[in-house]
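For this one, chain F is given, so just place chain H on it according to the hints.
Protein chains in written order, with the working numbering: chain F, 1 to 295; chain H, 296 to 484.
Think of the hints as simulated: they come from the structure by calculation, not from any bench.
No incorrect hints appear here.
Here are the computed lysine-lysine pairs in the PhoX-like style, where the Cα-Cα straight-line distance is at most 25 Å: (1) F:295 - F:130; (2) H:399 - F:130; (3) F:98 - F:128; (4) F:40 - F:98; (5) F:130 - F:142; (6) H:399 - F:142; (7) F:15 - F:177; (8) H:399 - F:238; (9) F:177 - F:295.
Quick caveat: nothing in here was measured; it's all calculated off a predicted structure.
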Amino acid sequence: MTAIINVPPSLDDEKFELVLDQVARVPADERLLLDARHAKWSSPYGLTALLALAQSRAEKPAFTGPEDENTASYWSRAAFYRHAEEVFELHGFVPRPKPAGDSDVLLEITPVTRSDDVHAVVERIQDKAKQILTTSLHLDPKATMGFAMTLSEACQNIVEHAGQGGWVAVQKYLWRKRLGRNVVVIAVCDAGLGFRRSLESSQGRRIAERWDDATALQEAVVNGTSRFREAGRGQGLKGVRRYVQRWGGRLSIRSGTARITQGEGDLVAEVPLEKHLAPFPGAQVQIVIPEHVEK
Amino acid sequence: MTPLIDVGAVLRGSVSDQYTNLVTRHTGRAVRDGIERELAGLGARRVTIIDFSHVGLLDYSCADEIIAQLLLRYGASAHGPVAATAAEVYFIFRGVGDHLDPIKHVLEHHGLAIVYEAPLGDTHLVGEVSEEERLAWDTIRRVPRATVEAVAAVAGLPPETCERALHLLWRRRLVLRDGGDFLPIGAVA
Chain F
1 MTAIINVPPS LDDEKFELVL DQVARVPADE RLLLDARHAK WSSPYGLTAL
51 LALAQSRAEK PAFTGPEDEN TASYWSRAAF YRHAEEVFEL HGFVPRPKPA
101 GDSDVLLEIT PVTRSDDVHA VVERIQDKAK QILTTSLHLD PKATMGFAMT
151 LSEACQNIVE HAGQGGWVAV QKYLWRKRLG RNVVVIAVCD AGLGFRRSLE
201 SSQGRRIAER WDDATALQEA VVNGTSRFRE AGRGQGLKGV RRYVQRWGGR
251 LSIRSGTARI TQGEGDLVAE VPLEKHLAPF PGAQVQIVIP EHVEK
Chain H
296 MTPLIDVGAV LRGSVSDQYT NLVTRHTGRA VRDGIERELA GLGARRVTII
346 DFSHVGLLDY SCADEIIAQL LLRYGASAHG PVAATAAEVY FIFRGVGDHL
396 DPIKHVLEHH GLAIVYEAPL GDTHLVGEVS EEERLAWDTI RRVPRATVEA
446 VAAVAGLPPE TCERALHLLW RRRLVLRDGG DFLPIGAVA
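So here's chain F without its partners, still in its complex pose:
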């Protein structure tokens, strides 16, 4: 049996929940066919989360990509198909590989497994990030260094905690519906251990009576708790939170069945901690930095 999962036309972090709701109804060992034929757009989160979803399945899922040539071409330039062919069985129209060459793609989808991958990501993005953050987002040049640090720390979450590889992508786009402004979005997704299991793996850790994905996220993101016991651990995410706060952005981290969101200014989170979401292994991080506008 193959279960067909419909990918919505517009795939962002919120709409991806519709994909996960469908997957939740399918037994873990049943094969999936992700049908993205009608997809018109995806955020970096949507594309990297699709790859992580494939990674989470026991049997390699099938995937049918967008029929719209522009959409397929864009996904190809974002390097989606390059990685999708490893984790999906591809059906339907598969565009020929294309180089990024797109000024809005700061970092095409890039696998992250080891420390060296994080170095490569940071080295590659620095110049372009500086240009986009200062000219398109009108941020102070000081924001550039913090942006690269934020990207580094988000990627390290995979290296240090996931127990397997994941993907990162960075893109600028106009967030028309929510803000009417340009944003730069970092998406880092994996289907590894996730926060709860990572913290549980800490030796001698006492598990609280009320212990679930939401509590684990709160512990890690708000309190800076890490599975590593050395003093000084857990500061990376704290640093990311500070950066997001400083530049009026939004950080959301989904793990297991929960999502924690910190939003500033116009991006304030309506529900800072969501529970009982459809299960999705690993951790999925999205960081949004908006264009600066004079008030």
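Positioned in the frame of chain F, the structure of chain H alone reads:
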């Protein structure tokens, strides 16, 4: 001449000659190991300049692994060293102007402080210090060497408070002590 450790060179020598950025804990640990190897070849009591001028980016993880863990291992906390070190080791950090955000973050986290040198050569104290410590440090920075009484008189602190603050600054390796006198680290560098 004050010994200098070029962190950029340590990065290229101990991790990869392709890298200019200090990112990831793995890299931070390797660089700190490299710095410690260089320190091991120096004398028993020394001031060493740790130079970040040739480093592109320093992330929180590396700031913790390189700066905070180095300070803790060499006893620059009020509680003494994490690892047993016979030597009195003092650090001046150079070229950290662009990296102060992650550095302050990790120093605050561990309750540590450092002396850093600005581009024009003037030294500054950054991190977790009490008001009395800062006042005593600012005073000692302006004089080549001074007794507790002299510092107390200039700083306007009661002698006992000043002595406590100077002793703590010395324990934290933020000032030097020579007999009954205290000296700013920068004066020696």
